[in-house]
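Number of protein chains: 2
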Amino acid sequence: MHAQQRQRTQERLAQGGLTRALFADIHSIKWLTGFNPPIQLGPSFFVGGPPLLWYDNGTFTLIVLDGHADSVAAFGAQPDCTLVTYEGYTIQKPITGGPNLSAVLRDVVGSSAGGGPVGVEARSLTFLLHDVINDVLGGVTSSTIDDWLAPLRMVKTAEEIVKLRDNFALSDLGHRVARQVIKPGLREIDIWAEIHGSIQREVGERVPLGNDCVVGYRQNNIGGWPGDLLVREDDSVIVDLSTVRHGYWSDSCATYYATKPGEAQSAAHRMIEDALAFAISLVRPGVQANEIDRKVRGFIEARGYPVYPHHTGHGVGVTGHEEPRIVPYNEVPLAAGMVILLEPGTYVPGAWGVRLEDALLVTEDGAEVLTTHEKGMMG
Amino acid sequence: MHAQQRQRTQERLAQGGLTRALFADIHSIKWLTGFNPPIQLGPSFFVGGPPLLWYDNGTFTLIVLDGHADSVAAFGAQPDCTLVTYEGYTIQKPITGGPNLSAVLRDVVGSSAGGGPVGVEARSLTFLLHDVINDVLGGVTSSTIDDWLAPLRMVKTAEEIVKLRDNFALSDLGHRVARQVIKPGLREIDIWAEIHGSIQREVGERVPLGNDCVVGYRQNNIGGWPGDLLVREDDSVIVDLSTVRHGYWSDSCATYYATKPGEAQSAAHRMIEDALAFAISLVRPGVQANEIDRKVRGFIEARGYPVYPHHTGHGVGVTGHEEPRIVPYNEVPLAAGMVILLEPGTYVPGAWGVRLEDALLVTEDGAEVLTTHEKGMMG
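So the protein lines, in turn, are chains A and B.
Note that the first sequence covers residues 1 to 379 in this note's numbering.
Note that the second sequence covers residues 1 to 379 in this note's numbering.
You may find that some hints are simply not true.
All copies of an identical chain are treated as equivalent in the list; a pair is satisfied when it fits inside any one copy or across any two copies.
Unchecked claim - Here are the simulated lysine to any residue pairs, SDA-like style, with alpha carbons at most 25 angstroms apart:
{"id": "1", "residue 1": "K93", "residue 2": "V155"}
{"id": "2", "residue 1": "K163", "residue 2": "D228"}
{"id": "3", "residue 1": "K183", "residue 2": "N211"}
{"id": "4", "residue 1": "K163", "residue 2": "F45"}
{"id": "5", "residue 1": "K260", "residue 2": "Q40"}
{"id": "6", "residue 1": "K260", "residue 2": "E159"}
{"id": "7", "residue 1": "K93", "residue 2": "Y329"}
{"id": "8", "residue 1": "K260", "residue 2": "T59"}
No lab work stands behind these hints: they were computed from the structure.
These figures come from a predicted structure and were not determined experimentally.
Input sequences plus hints: build the corresponding full structure.
Here it is in structure tokens:
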């Protein structure tokens with residue numbers, strides 16, 4: 001699992017002159033190994049530090065809390081990656097996750113025969129653990145590699161695209177439910193609970209769900225968690241959904257109406273449908289992210305509508321928001337295999353808003369739309 | 001908000017000879033400030049490191065991601081605690097949360113006029129941030145304070161007990177729903193979705209929900225996430241619920257039946273009811289945690305049932321599992337103001353299980369039961 005990710009990473013480290021590295025960012029480690037611990041209730045109370053992935057001349061060692069060992073699927077069959085755990089909770093003695101993790105890291109790093117600097121994810125590695133590698137390797141020089149994987153993560157592997165498609169099918173389901181249930185008198189949270197329950201019943205397990213479910217008359221009606229605000233007769237409701245399954249995120253948005261939308265809303269909705277179609281038409285390998293951003297903003301501005309204050313889109317994978325970011329400064333060119341979101345919108349604060357969002361797989365000659373949810377007007 | 005926590009901490013640091021400290025553990029910081037960022041979807045993609053709380057001679061400075069600023073309730077009125085944010089995501093330039101956090105920490109620590117060592121939460125502090133304080137304060141000695149707050153967190157303040165009571169009311173609601181809906185043919189996830197939806201509708205917002213929803217015929221039927229396993233005609237179903245609201249956890253368990261329970265199950269259920277009542281009768285200030293643990297295990301053993309392999313109970317607060325742990329090694333004496341769970345059970349792997357759990361506030365002369373969910377047999 002995720003062998004291509006490790007191969008790309010090994011090449012990147014070699015280019016940077018590194019034969020050893022310690023990864024400590026949860027997203028790096030998910031991407032490199034498929035490690036997928038539950039996230040719904042926040043961090044485990046028993047960890048002694050971040051999960052770690054030690055790279056040493058072609059082989060990887062993943063070090064995680066014993067309670068998270070079953071979150072590493074199919075680990076028996078990884079010739080280049082070994083799993084090691086440390087003890088977290090036991091009823092037999094006081095909890096010492098921190099020292100236990102340090103001790104395991106000491107053993108793992110101690111078997112390193114190489115020399116030279118060690119790459120470290122410095123934003124996530126704790127200094128106690130850094131001291132361990134320093135100590136074991138005799139005052140080794142550490143070199144920061146925090147942002148090295150972000151560009152590699154942009155182009156998805158076939159294995160990742162399968163996981164992403166599974167998630168887009170779930171957010172599509174969520175949108176079918178939203179379209180069916182939204183009506184005056186429901187609250188945002190009622191709609192949300194219906195969507196979330198349907199998704200979890202579909203797959204037979206808990207699924208984390210983001211992002212927004214907001215009525216149009218909110219002052220900030222761009223996004224936000226669902227609350228106890230009632231859907232009014234003439235309301236728009238923006239529903240923006242991410243599911244997180246297999247450690248991967250989906251993302252998609254549509255705008256629904258409590259009843260038949262008014263003139264202004266209808267016109268804006270049609271305009272945003274056109275803006276999204278226009279945005280999709282721009283996607284192909286080689287086009288720069290900020291070119292898409294500029295053109296889509298221009299499209300909306302030319303039609304006399306307020307331009308959305310957020311990004312035009314972003315990549316998605318082990319996070320819900322990653323490179324390539326479709327934003328004004330970003331000159332990164334799209335490439336086949338990237339999976340991106342495009343999400344133009346227009347908002348009248350305190351009145352109504354419209355946003356529509358599709359996910360796209362960049363192909364050799366354009367894009368495949370991965371989301372199938374209906375985005376046309378209701379009513 | 002949480003001023004008493006900061007007062008206790010200041011005293012503890014002074015006892016340890018420290019007038020400056022840097023907290024980096026999310027649970028410490030929640031407890032010290034009321035900081036309560038969303039947890040449902042895992043860590044924010046835009047943080048540059050952990051949230052930080054700098055203590056310097058009587059005043060605290062909380063440093064968090066700008067996107068988390070509204071997760072610090074009522075911060076205007078804290079004379080001893082200031083809020084500072086650093087920039088995370090913007091569409092105007094590349095994301096540099098790490099350097100931004102370092103820069104803010106540099107400013108905050110730079111105003112320190114004191115000398116002497118700095119206490120640090122070494123298991124959570126990243127080494128980049130440790131370098132900042134080292135650098136700004138000129139090679140300061142850092143002293144590890146990772147476990148200093150755990151004993152202070154045991155006795156709850158009046159403010160915390162209000163937050164905990166709110167959560168116990170929600171898990172009580174969840175149990176009412178469970179008791180109502182459980183029947184043959186439903187799956188664990190169906191039951192879960194009903195419970196979770198009801199709780200969220202009740203409060204009008206999203207609420208994270210733990211812990212277990214398992215049918216009796218699972219091989220490991222002690223606990224686990226709900227799956228697509230069907231409730232069978234003669235099944236027991238253990239439902240163990242934690243809600244997380246205001247940053248505080250509830251916890252409570254009951255065992256339900258698909259139909260009228262059989263002889264053996266009925267007898268075991270009654271025995272565990274007695275065991276829980278016995279456990280509660282032991283709670284008073286001064287009794288050692290492991291005395292309760294030993295006596296409750298003995299109660300079950302004396303009746304010829306398999307003794308649960310897990311803890312007898314634990315504390316609860318900003319985490320769902322904290323001191324005082326009611327386990328064999330723990331000699332800590334209970335004290336008025338502690339909030340603990342007691343959860344005896346007995347399990348026949350692959351067949352059925354029973355666990356019942358109540359929450360207790362230790363009072364001057366005994367205990368107040370904080371949970372009101374019905375735990376008697378169904379059918």
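Hints, verified against the model:
Taking identical chains as interchangeable, the C-alpha atoms of K93 and V155 lie at most 25 angstroms apart only when they sit on different chains, with a minimum of 22 angstroms there against 46 angstroms within one chain. With identical chains, the CA atoms of K163 and D228 are at most 25 angstroms apart between copies only, with a shortest distance of 20 angstroms across copies and 33 angstroms within one. When the C-alpha separation of K183 and N211 is checked against a cutoff of 25 angstroms, the pair qualifies only within one copy, where the shortest distance is 20 angstroms, while the shortest distance between copies is 33 angstroms. Only between protomers do K163 and F45 lie at most 25 angstroms apart by alpha-carbon distance; the minimum there is 20 angstroms, versus 28 angstroms within a single protomer.
Proximity of K260 and Q40 under a CA criterion of 25 angstroms is satisfied in neither setting, with 37 angstroms inside one chain copy and 34 angstroms between copies. Proximity of K260 to E159 under the C-alpha cut-off of 25 angstroms is found in neither arrangement, the shortest distances being 42 angstroms within a copy and 47 angstroms between copies. Taking the shortest alpha-carbon separations for K93 and Y329, only the inter-copy value of 6 angstroms comes in at or below 25 angstroms, while the best intra-copy value is 53 angstroms. In this assembly of identical chains, the alpha carbons of K260 and T59 never lie at most 25 angstroms apart, being 60 angstroms within a copy and 56 angstroms across copies at closest.
Violated hints, listed in ascending order, are 5, 6 and 8; each of the other numbered hints is respected by the structure.
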